[in-house]
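**Q** Listed below, chain by chain, are the residues.
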Amino acid sequence: MQFMLLFSRQGKLRLQKWYVPLSDKEKKKITRELVQTVLARKPKMCSFLEWRDLKVVYKRYASLYFCCAIENQDNELITLEIIHRYVELLDKYFGSVCELDIIFNFEKAYFILDEFLLGGEAQDTSKKNVLKAIEQADLLQECCMTDTVSQSFSMV
Amino acid sequence: MPAPIRLRELIRTIRTARTQAEEREMIQKECAAIRSSFREEDNTYRCRNVAKLLYMHMLGYPAHFGQLECLKLIASQKFTDKRIGYLGAMLLLDERQDVHLLMTNCIKNDLNHSTQYVQGLALCTLGCMGSSEMCRDLAGEVEKLLKTSNSYLRKKAALCAVHVIRKVPELMEMFLPATKNLLSEKNHGVLHTSVVLLTEMCERSPDMLLHFRKVWILVPQLVRILKNLIMSGYSPEHDVSGISDPFLQVRILRLLRILGRSDDDSSEAMNDILAQVATNTETSKNVGNAILYETVLTIMDIKSESGLRVLAINILGRFLLNNDKNIRYVALTSLLKTVQTDHNAVQRHRSTIVDCLKDLDVSIKRRAMELSFALVNGNNIRGMMKELLYFLDSCDPEFKADCASGVFLAAEKYAPSKRWHIDTIMRVLTTAGSYVRDDSVPNLIQLITNSVEMHAYTVQRLYKALLDDISQQPLVQVSSWCIGEYGDLLVSGQCEEEEPIQVTEDEVLDVLEGLLVSNLSTPVTRGYSLTAIMKLSTRFSSVNRIKKVVSIYGSSIDVELQQRAVEYNALFKKYDHMRPALLERMPIMEKTASNGPTEIVQTNGETEPSVPDTKHPPLVTQPANQANDLLDLLGGNDVVPVIQTTLPTKPASAGGELLDLLGDLSLSSGPAPAPSVPISQPPFLLDGLSSQPLFNDISAAIPPMTAYSKNGLKIEFTFERANPNPNIAVITIHATNTTEADMTEFVFQAAVPKTFQLQLLSPSSNMVPALNQGSVTQVIRVLNPQKQQLRMRVKLTYTHKGSPVQDLAEVNNFPPQSWQ
Numbered sequence: 001m002q003f004m005l006l007f008s009r010q011g012k013l014r015l016q017k018w019y020v021p022l023s024d025k026e027k028k029k030i031t032r033e034l035v036q037t038v039l040a041r042k043p044k045m046c047s048f049l050e051w052r053d054l055k056v057v058y059k060r061y062a063s064l065y066f067c068c069a070i071e072n073q074d075n076e077l078i079t080l081e082i083i084h085r086y087v088e089l090l091d092k093y094f095g096s097v098c099e100l101d102i103i104f105n106f107e108k109a110y111f112i113l114d115e116f117l118l119g120g121e122a123q124d125t126s127k128k129n130v131l132k133a134i135e136q137a138d139l140l141q142e143c144c145m146t147d148t149v150s151q152s153f154s155m156v
Numbered sequence: 001m002p003a004p005i006r007l008r009e010l011i012r013t014i015r016t017a018r019t020q021a022e023e024r025e026m027i028q029k030e031c032a033a034i035r036s037s038f039r040e041e042d043n044t045y046r047c048r049n050v051a052k053l054l055y056m057h058m059l060g061y062p063a064h065f066g067q068l069e070c071l072k073l074i075a076s077q078k079f080t081d082k083r084i085g086y087l088g089a090m091l092l093l094d095e096r097q098d099v100h101l102l103m104t105n106c107i108k109n110d111l112n113h114s115t116q117y118v119q120g121l122a123l124c125t126l127g128c129m130g131s132s133e134m135c136r137d138l139a140g141e142v143e144k145l146l147k148t149s150n151s152y153l154r155k156k157a158a159l160c161a162v163h164v165i166r167k168v169p170e171l172m173e174m175f176l177p178a179t180k181n182l183l184s185e186k187n188h189g190v191l192h193t194s195v196v197l198l199t200e201m202c203e204r205s206p207d208m209l210l211h212f213r214k215v216w217i218l219v220p221q222l223v224r225i226l227k228n229l230i231m232s233g234y235s236p237e238h239d240v241s242g243i244s245d246p247f248l249q250v251r252i253l254r255l256l257r258i259l260g261r262s263d264d265d266s267s268e269a270m271n272d273i274l275a276q277v278a279t280n281t282e283t284s285k286n287v288g289n290a291i292l293y294e295t296v297l298t299i300m301d302i303k304s305e306s307g308l309r310v311l312a313i314n315i316l317g318r319f320l321l322n323n324d325k326n327i328r329y330v331a332l333t334s335l336l337k338t339v340q341t342d343h344n345a346v347q348r349h350r351s352t353i354v355d356c357l358k359d360l361d362v363s364i365k366r367r368a369m370e371l372s373f374a375l376v377n378g379n380n381i382r383g384m385m386k387e388l389l390y391f392l393d394s395c396d397p398e399f400k401a402d403c404a405s406g407v408f409l410a411a412e413k414y415a416p417s418k419r420w421h422i423d424t425i426m427r428v429l430t431t432a433g434s435y436v437r438d439d440s441v442p443n444l445i446q447l448i449t450n451s452v453e454m455h456a457y458t459v460q461r462l463y464k465a466l467l468d469d470i471s472q473q474p475l476v477q478v479s480s481w482c483i484g485e486y487g488d489l490l491v492s493g494q495c496e497e498e499e500p501i502q503v504t505e506d507e508v509l510d511v512l513e514g515l516l517v518s519n520l521s522t523p524v525t526r527g528y529s530l531t532a533i534m535k536l537s538t539r540f541s542s543v544n545r546i547k548k549v550v551s552i553y554g555s556s557i558d559v560e561l562q563q564r565a566v567e568y569n570a571l572f573k574k575y576d577h578m579r580p581a582l583l584e585r586m587p588i589m590e591k592t593a594s595n596g597p598t599e600i601v602q603t604n605g606e607t608e609p610s611v612p613d614t615k616h617p618p619l620v621t622q623p624a625n626q627a628n629d630l631l632d633l634l635g636g637n638d639v640v641p642v643i644q645t646t647l648p649t650k651p652a653s654a655g656g657e658l659l660d661l662l663g664d665l666s667l668s669s670g671p672a673p674a675p676s677v678p679i680s681q682p683p684f685l686l687d688g689l690s691s692q693p694l695f696n697d698i699s700a701a702i703p704p705m706t707a708y709s710k711n712g713l714k715i716e717f718t719f720e721r722a723n724p725n726p727n728i729a730v731i732t733i734h735a736t737n738t739t740e741a742d743m744t745e746f747v748f749q750a751a752v753p754k755t756f757q758l759q760l761l762s763p764s765s766n767m768v769p770a771l772n773q774g775s776v777t778q779v780i781r782v783l784n785p786q787k788q789q790l791r792m793r794v795k796l797t798y799t800h801k802g803s804p805v806q807d808l809a810e811v812n813n814f815p816p817q818s819w820q
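In order, the protein sequences belong to chains A and B.
In this text, residue positions in the first sequence follow the UniProt record's numbering: the first is 1, and each later residue adds one.
In this text, residue positions in the second sequence follow the UniProt record's numbering: the first is 1, and each later residue adds one.
Hints are computed from structural coordinates only; laboratory data are not their basis.
Honestly, I wouldn't trust all of these hints.
To be verified - Ranges of calculated distance between the beta carbons of each label pair, as one might list FRET restraints: (1) A:Asp138 / B:Gln340: 50 to 56 Å; (2) A:Cys143 / B:Arg18: 38 to 44 Å; (3) A:Cys143 / B:Asp207: 44 to 50 Å; (4) B:Glu22 / A:Glu33: 25 to 31 Å.
What the hints assert, rightly or not - Computed footprint of chain B on chain A; a stretch qualifies when at least three of its residues, placed anywhere within it, have a C-beta under 8 Å from a C-beta of chain B: (5) 20-29; (6) 44-55; (7) 71-84; (8) 94-107; (9) 114-126; (10) 133-139.
C-beta: ideal position from N, C-alpha, C; glycine also.
Chain A on its own, in the form it takes in the complex (with noise of 0.2 Å):
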């Protein structure tokens, strides 16, 4: 995979994660158009379109989409398992996943995402190691906001 957005219907992005370098101005650029293309999809068209030189496939869940851009040698098909793994993942975290979860915990969406991919490939195909593995290290965290003195107010 060469990367992953999330975005809303109106197009803003709720997610990025770039598995290739790029400068900031390329993957804004990139983004702006990829998303305007997905969004001028219609419903009863397929999940995979070409563009530029990548596949693209996408999932639409509720309000937002899930985007990857994926090598011209991997699996359509299976990517839209891992985005569906993904969306399953978070859905077991918050409990019952919408949108502004994703808003206004971003950064859990990130770590969970991380969990379960690396350089944009699948870490680990069992959903309860994921899932295992992000408890422990929010406990971790917890732990070690108990241990100093600032303890009355989360970190973050």
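For chain A, the structure is supplied; the task is to place chain B on it using the hints.
**A** The following block gives chain B in isolation, referenced to the frame of chain A:
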């Protein structure tokens, strides 16, 4: 200083902004607060501030002043800090900034941290955005972690290694030993990432691939793992809709594909498992189809036996009938890839593919169209063409150009009869005429010319089409050309193929004149119509009408039309005796590729200088081969391009070519030539027309000269006087080669000063053999009416011993007799 507001607080506040300006104001205020907080080196709230900065960055605002703060967070001992710090590094930093190198040490320490979650953060960051320098520095640490027994870290290390290898391929070797035992792990995460790592190594290094195949004998190992996955019972941890770990299955299938490619043994070893997966996978959900898809790709890519291949194509055929459009899309894409190699098998699914032309989805339609064209052959041409023409009628504009081209190509290859071919072309021109590519027009004209027995039928149909609609330019252009050429057949009602229509000369001229005045016609089209009208002057009897039209356009604002009209006028007035010959019927055209200035087009048995317009009357840039090359020769401003055989956008016709020469001779660049100028030229023209390229014996004994001698290439000029015009010198060049290697692709070009005219005929060959074993000869005719001293600039290009050579030279040593 009050505590900085919390992240969630900030998000809430910013979301209340009603306008972009309001939001910008809030952001700026908060950024200022954050900046001062950073300046105060506040450890307590750094984490919170950076998190807020990351949010604002996602909204699109600049956040580079937070980069160093991320580094400080990474260096902190608190896990919370590290978490946000690494996230910030991945979002704000990249390998372009030097700052990122400062991370290296922190990452190194964290890779050796006592807490695995910290190690995990470091591995993740390195694997996501590590630059080559960082990768080089830290590869050793990653390799160490690849050997750990902690599967949580091992899987991450494997993917991190993939990234390192991508960035620094030379480091691949060092990961080899650690990779050896990865596949014996039970943990699916480790298995999955190991397969990814092995895949990356195989794709990057053929040696590695060989090693895995022969030494490690990976294939049986992978087959075993895959078999276990399929045969094992329900495993809740890895189950997706009843299939056990589809992600791992897909990755294994992909690695098998690479291992089996062009290797018989490996392919055989995986035959069974592929057949098993292909037949037993549940297809009701997307997961199952994802696995089948990967299986099909593998089967088609390795050296599988034919039974398996047929199985694969049948799976694709079933995909085509699936309700899920994603599956259909994927099937069409795969079939397109295999249609070359397994043509017959794919043909069986032709009707389903053709049905997909009617799909609603744009991507599916496009794929179906491409595949349909690939499947057209001599047997199914009629049926397929019907479908494709129907598609052309109803498809979106974005498809029409490609579809039209495809139809033309297919028709050309497989047309069952000339009539069918012409009908098909007519159909395309009338339904998608404005989308047809520019180069189709001359191709069609050539095709029509060559279908001699269909001329009457063709012109009649085209005429009728014109009556209906004059808006589609390619159609109009082809029609005008045909009417100009075969108008006599039209009025005489000679059509055999269908009921001949009754049309008078005046009606035809009305139509053509209508094109000239219509706003819908482009300048190119107008040029076509004017020339067509002119041609009819030898085919129709209403010459006066034509004369009148032509003279009107002599003062047209359009330079192109004006020039033509003036020339045609001149033809009426002064060269009427030449008119029939000039406007004669076009002979059958050879299909010649246009390249270089010296190809020949046979017209009426004579040789003419090359005319790149048997393809398309190019827009200004295309006589590029000719004009530009020659223009290259023009260092100074005093020489003029030699053979501007076509002014842009002239129709392909013998009449046109010759008239072009007329036009070119009058002026080398553009506007309103004085009609008197052609007077001095005709003798030359007549010579060109009526005489063979001759090296006639009326040589005034002009001594030969060496024009060029360098690097083993010698070019000699020998002279003759052209009969009867003493103003024309006929020069024959002889190119010889004294070196030991042949000079291939030899091209000789020449340019002369403005007062001269030059004509280059075709060379005897384009290879100057080595060691004087032969020579290339070429004839140049130079018109020198003002008897000025002959000067010439020559350009030579050839390939010698594999490298291209180019040279320019001035030839000034012409013997006085050659130009006096």
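**Q** Output the indices of the hints that this structure fails to meet, ascending.
**A** Violated hints: none at all, because every hint is consistent with the structure.
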